[in-house]
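Asker: Single-letter residue listing:
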Amino acid sequence: MICSVCNGTMIRLCKSIPFESKALGTILVPDVTLYKCKVCEDSLYDVKTSQKIIDFVRRAEQTAISELPLKDFVSAIRAAEILGISKQAFSKNEKIKRGFIYSATLDNKHYYYKKSVETFKKSGDGRLLLSLCFPVESVSENALKSWMKNVSTSQVPKTRDMQWLIAESFLPEFDDDSLIFGNSYISERYTKVVCASRRG
Amino acid sequence: MPLPKPFYPLKTIKEKIRSADIKINGNALQSAFSDFGWDANDIAVSLKKLNDKYHPIDPAKNHFYKTDPHLSLPFTMLDFYKAFKLYLGEDVYTHLYLKHDNGKIVVSSFKRK
Numbered sequence: 008m009i010c011s012v013c014n015g016t017m018i019r020l021c022k023s024i025p026f027e028s029k030a031l032g033t034i035l036v037p038d039v040t041l042y043k044c045k046v047c048e049d050s051l052y053d054v055k056t057s058q059k060i061i062d063f064v065r066r067a068e069q070t071a072i073s074e075l076p077l078k079d080f081v082s083a084i085r086a087a088e089i090l091g092i093s094k095q096a097f098s099k100n101e102k103i104k105r106g107f108i109y110s111a112t113l114d115n116k117h118y119y120y121k122k123s124v125e126t127f128k129k130s131g132d133g134r135l136l137l138s139l140c141f142p143v144e145s146v147s148e149n150a151l152k153s154w155m156k157n158v159s160t161s162q163v164p165k166t167r168d169m170q171w172l173i174a175e176s177f178l179p180e181f182d183d184d185s186l187i188f189g190n191s192y193i194s195e196r197y198t199k200v201v202c203a204s205r206r207g
Numbered sequence: 073m074p075l076p077k078p079f080y081p082l083k084t085i086k087e088k089i090r091s092a093d094i095k096i097n098g099n100a101l102q103s104a105f106s107d108f109g110w111d112a113n114d115i116a117v118s119l120k121k122l123n124d125k126y127h128p129i130d131p132a133k134n135h136f137y138k139t140d141p142h143l144s145l146p147f148t149m150l151d152f153y154k155a156f157k158l159y160l161g162e163d164v165y166t167h168l169y170l171k172h173d174n175g176k177i178v179v180s181s182f183k184r185k
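The listed protein sequences derive, respectively, from chains A and B.
Counted the way the working numbering counts, the first sequence spans residues 8 to 207.
Counted the way the working numbering counts, the second sequence spans residues 73 to 185.
Honestly, the hints are just simulated from the structure, not real lab data.
Since we're looking at a predicted model, the values are computed, not measured.
Just so you know, even glycine gets a beta-carbon here, dropped at the ideal spot from N, CA and C.
Be careful, since some hints might not be right.
[What the hints assert, rightly or not] Covered by chain A, according to a simulated footprint, are these stretches of chain B (three or more residues, beta-carbon under 8 angstroms):
1. 84-98
2. 103-117
3. 138-151
4. 160-172
[As the list claims (entries may be wrong)] Cut-off 30 angstroms, straight-line C-alpha distance, at most; resulting in silico cross-link-like pairs (DSS-like, lysine-lysine):
5. Lys121/B - Lys99/A
6. Lys59/A - Lys83/B
7. Lys55/A - Lys83/B
Could you build the full structure based on these sequences and the hints that come with them?
Answerer: The structure is reproduced here in structure tokens:
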């Protein structure tokens, strides 16, 4: 297959690919079958694979959203009030249905993340970066594990303890060299943070 | 003056989509998700809603925009569409072409108009 961008050769691969999520930053989607250009790295997916990628990203986002403190969520009625629209208009809004406002379900009821509702009111898109919603020092172990599953280049931990935790989580899988040279998906900045914390 | 018509008949495009003979460029998938929160099925459904009917009086109703030669692939044309309120009330800009070697539709761009 020939690349449509640079006329180079495209090869079929199965690998992890980075995907940009508004909630999580750049996350890794594992085991994706794709055609990738050897020269310009442009990629093509079939419909099934594309669907798999989006499903993975949505699941990862939902996991992260469900880790947010419940006190920061509001009911649909309150969310509609904040937006200045009726409850009916709120529940029929296609953007809201498609996750432009973060929501979680508890006892078959939808609750909406207040910050996301406010951002939606301002800009029409309430998908804010979730790392900005976590006070880093108080991140629970579960949240950290969930974060680890979806390594995000934009979410570099700020405290030394968290850097250590993350560095240790990588230990069984990676050594220094592979972190620096072998895993292109881990950003240079993130690699530096991990390596620095491992050296102590 | 001949009416503007896409290079690839929409009937062919829609048949290819129905038979899943479609590839989506990574950037197109990324921008469809970022701009609209859409997945691959939404892209396919919205492409099936395209029409090439020409509205001389109200050009905003036209979906088809233009055909241009592909910048890299020889003997390949790209069809550009700018559709107002195409699917779920969204304005879509997309361009696509048919690959000669495998007969698949390639969606090379898909974003907010």
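Asker: For the segment 160-172 of chain B, do at least 3 residues have a Cβ located nearer than 8 angstroms to some Cβ of chain A?
Answerer: That given contact holds, which follows from 4 residues of the segment 160-172 of chain B lying within Cβ reach (below 8 angstroms) of chain A.
Asker: Within the segment 84-98 of chain B, is the number of residues with a Cβ closer than 8 angstroms to a Cβ of chain A three or more?
Answerer: It holds: at least three residues are needed, and the segment 84-98 of chain B offers 6 whose Cβ sits within less than 8 angstroms of chain A.
Asker: Between Lys121/B and Lys99/A, does the CA-CA distance stay at or below 30 angstroms?
Answerer: holds (21 angstroms)
Asker: Within the segment 103-117 of chain B, is the number of residues with a Cβ closer than 8 angstroms to a Cβ of chain A three or more?
Answerer: holds (count 10)
Asker: Taking a Cβ-Cβ distance under 8 angstroms as contact, does the segment 138-151 of chain B have three or more residues in contact with chain A?
Answerer: Our answer is that it holds, as 4 residues pass the Cβ test (under 8 angstroms) against chain A, meeting three.
Asker: Given the hinted pair Lys59/A and Lys83/B, is their alpha-carbon gap at most 30 angstroms?
Answerer: holds (27 angstroms)
Asker: Given the hinted pair Lys55/A and Lys83/B, is their alpha-carbon gap at most 30 angstroms?
Answerer: holds (22 angstroms)
Taken one by one, the earlier hints all hold for this structure without exception.
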